[in-house]
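Mapping to full-length UniProt numbering: the sequence shown position 106 is 106, numbers consecutive.
These aren't lab readings, by the way, just hints derived from the structure by calculation. One thing to keep in mind: the hints can contain errors.
[What the hints assert, rightly or not] Here are the simulated PhoX-like cross-link-like pairs (lysine-lysine), alpha carbons at most 20 Å apart as the crow flies:
(1) K132 x K145
(2) K146 x K132
(3) K145 x K108
(4) K152 x K108
(5) K108 x K132
(6) K173 x K132
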Amino acid sequence: MTIYIFPKLNLFLTNIWMIMKNIKPIRSWPVFIIAFSIHCLLSQGLPSTSIRKPTHHFGAPCQLCECFVEYTDRDMNIYTQPYNVAINSYEATEDRCLAACQNDQNCKAVVYGYIGGRDVFTCELYSESNVKSPLYTPFTNIYIKKRSECRKSALGYEALDMTDVDERVAARKQRYLRLYTKFNFFGFG
Numbered sequence: 001m002t003i004y005i006f007p008k009l010n011l012f013l014t015n016i017w018m019i020m021k022n023i024k025p026i027r028s029w030p031v032f033i034i035a036f037s038i039h040c041l042l043s044q045g046l047p048s049t050s051i052r053k054p055t056h057h058f059g060a061p062c063q064l065c066e067c068f069v070e071y072t073d074r075d076m077n078i079y080t081q082p083y084n085v086a087i088n089s090y091e092a093t094e095d096r097c098l099a100a101c102q103n104d105q106n107c108k109a110v111v112y113g114y115i116g117g118r119d120v121f122t123c124e125l126y127s128e129s130n131v132k133s134p135l136y137t138p139f140t141n142i143y144i145k146k147r148s149e150c151r152k153s154a155l156g157y158e159a160l161d162m163t164d165v166d167e168r169v170a171a172r173k174q175r176y177l178r179l180y181t182k183f184n185f186f187g188f189g
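Generate coordinates for the entire structure from the input sequences, incorporating the hints supplied.
Below you can see the structure in the form of structure tokens.
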């Protein structure tokens, strides 16, 4: 019975089977595995087993990112506190967060990223853009507003409900500072 899900694969396997009939059984499986791996890499018909890093951390490509200078995997230092935080940050996308900063005259920088916990994501607006000693925070980015006028409009994005800062932002930053002071037994170099 022939399966026609992957016609190129079916033809390839048929050719391999015809070749392998003449090879001794002990050597046939390694040859088959190597040939199949080469076929997958060259044709890209089936996904390979390698893990690929996504191009964008948070789903769809960012449209307003060209209006900001981006620092990837960074968070503002412990002494810099935001003046506004998104109430429902789980609903905030990267573009909505950047649009909130672009529409606000006081905003100079934005922190958006995956923080885990109940909030999952964070969207914080900062009135100063001091990035002299940022914290290393995976999957969290700092966006600093460029001085030049941006050609992209932020008016088409739904506004975020913002609130004043509470102690959760400082507690999150303190958690990362405590994590960095612990000795890492696996840190070589």
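Status of each hint after checking the structure:
no. : hint        : in the structure
1   : K132 x K145 : holds (16 Å)
2   : K146 x K132 : holds (17 Å)
3   : K145 x K108 : holds (6 Å)
4   : K152 x K108 : holds (17 Å)
5   : K108 x K132 : holds (15 Å)
6   : K173 x K132 : holds (16 Å)
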